[in-house]
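Here the working numbering is used: the first residue of the sequence shown is 304, the next is one more, and so on.
Since the hints were made in silico from the structure, they are not lab data. Where a beta carbon is used, it is the ideal one built from N, C-alpha and C, also for glycine. Honestly, I wouldn't trust all of these hints.
Claimed, not checked - The calculated lysine-lysine pairs, modelled on DSS-like cross-linking and capped at a C-alpha distance of 25 Å, are:
(1) 443 to 416
(2) 413 to 443
(3) 443 to 458
(4) 458 to 413
Claimed, not checked - DEER-style ranges, computed between Cβ atoms:
(5) 339 to 384: 16 to 26 Å
(6) 399 to 429: 30 to 40 Å
(7) 415 to 394: 29 to 39 Å
(8) 320 to 416: 27 to 37 Å
(9) 323 to 446: 27 to 37 Å
(10) 383 to 323: 34 to 44 Å
(11) 400 to 455: 16 to 26 Å
(12) 383 to 320: 27 to 37 Å
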Amino acid sequence: MEHALSSDITLTRHVHDDLPAIRQTLLDVHADAYEDRMGEEFVQRFPWFVDHWGGNPGFTCVIAWDGDAPVGFSYGAPAGEGRQWWRGHLGTPPADPATFHVSELMVRPKWRKAGLGPRLHDALLEDRPESCAVLTVDTKRPRLQAMYEGWGYRKIGQNQPFADSPVYAVMLRDLAGV
């Protein structure tokens, strides 16, 4: 059963130094969101990804709460020089290569399709100084790709970052004027 967003939904913003306090919350939301895929080795490596991203000094995370229950999150970090995911996919790089990588956007199943995903995404990108944002989405999930296109992203290529990971569409969005 899906929930309509209650008036109790609040968003909290977190940074690199907050990771020890929020890490288990992220793992709990992930376990619920991916309950049907927890047997997959790639999915089981999520704690490593949390630590990897959270280890970036520019790490930013937004967590959604319904009362005192965490129901979703989004996180990412600025790309290091030469590490932008758009590299190798654009013939001409952006005039300003400063890029924010949106690494995760996750909503617990009972709270999906209630507008929480765009709210988390927008809060994550709010006031970002980078000129563009980039994210990846599993190519076997065309509805998710279409959703991101509706949010202003465009597919610029494909990538499979790990041998056991899905093939991802690499999607880029201009942040100027956001």
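Which of the stated hints cannot be reconciled with the structure, identified by number in ascending sequence?
4, 5, 6, 10 and 12
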